[in-house]
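Asks: As they're listed, the protein sequences go chains B and W. Okay, so the first sequence: first residue is 1 according to full-length UniProt numbering, each after it adds one. Okay, so the second sequence: first residue is 1 according to full-length UniProt numbering, each after it adds one.
Hints were generated in silico from the structure; no laboratory data involved. Treat the hints with care, since some could be wrong.
Put simply, identical chains are the same to the list, so a pair is met inside one copy or across any two.
Dumping the calculated BS3-like pairs for lysine-lysine here, alpha-carbon to alpha-carbon at most 25 Å [what the hints assert, rightly or not]: (1) 135 <-> 56; (2) 56 <-> 31; (3) 71 <-> 56; (4) 135 <-> 98; (5) 31 <-> 76; (6) 46 <-> 98; (7) 46 <-> 135; (8) 71 <-> 46; (9) 71 <-> 98; (10) 56 <-> 76; (11) 56 <-> 98; (12) 46 <-> 76; (13) 56 <-> 46.
What follows is each chain in one-letter form.
There are 2 protein chains.
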Amino acid sequence: MKSGIVLLFLVLMACLTTFGQKKQSPKGDEKGLIKVSVMYPAGEGKTFNMEYYETKHMPMVAGLLGSNLVKYTIEKGLASGIPNQPLPYVAIGIFYVKNLADYQASIAPNRDAIRADIANYTNIAPVILVSEVVK
Amino acid sequence: MKSGIVLLFLVLMACLTTFGQKKQSPKGDEKGLIKVSVMYPAGEGKTFNMEYYETKHMPMVAGLLGSNLVKYTIEKGLASGIPNQPLPYVAIGIFYVKNLADYQASIAPNRDAIRADIANYTNIAPVILVSEVVK
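Bound conformation, chain B alone (with noise of 0.2 Å):
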């Protein structure tokens, strides 16, 4: 009786622990982040290694975030939306903050590090859009 009272007991912290991991990140659920998107316009004789982007440059920039990083995302521009019109964008890197002034203080010091690396892997200039997700 003894021992399946503390059997009880650990298979309910297992489960509180679990519960409470779910509670901070259900699906979805990235209302009231900052996201940082990070835009490479498509257009000829642009270039792009997603390897390259993927493998080093957005796990250096994602590690100077410390714990104000939620998540990051990459994606891979594929086509327009719209029929006959250009692809836009060839990549988007994204990284979801809880806090922009923090982003900002993480980033300003090692602005020139994260510059000096774009030239290995793209020759577009980056449009970058703060926004604040509502929903």
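Please build the complex by placing chain W on the supplied structure of chain B, with the hints as guidance.
Replies: Below, chain W without anything else, positioned relative to chain B:
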């Protein structure tokens, strides 16, 4: 002892259910999904009614997509991430779908109704990017 075992069984079932749900929706697991990003460029004289967009337009379009739609998000543009550059987009609505062909098949017969509704919240012609989440 018997009631202890029954309780233990119930707690275990609850745990398994919870773990099962977690597996299907881990945080940020959008990899492999298709994103359709509808981006509204900022500019002089441009207007955008976020409340209408969030409560009427996006739910209407999302409702057309059925089980192909994994989630949709809405963001509000705050600033350019590059100093002294203008805000690129006032708003972006994003549909995360499993399959582009099914998305197009759902939208095509409703294109006129969707376009007609755009005039209810903005005078901006959106840029639309179809992309694949690679990370």
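Asks: Return the numbers of the hints above that this structure violates; sort them in rising order.
Replies: Hints 6 and 8 are the ones this structure does not satisfy, whereas the remaining hints hold.
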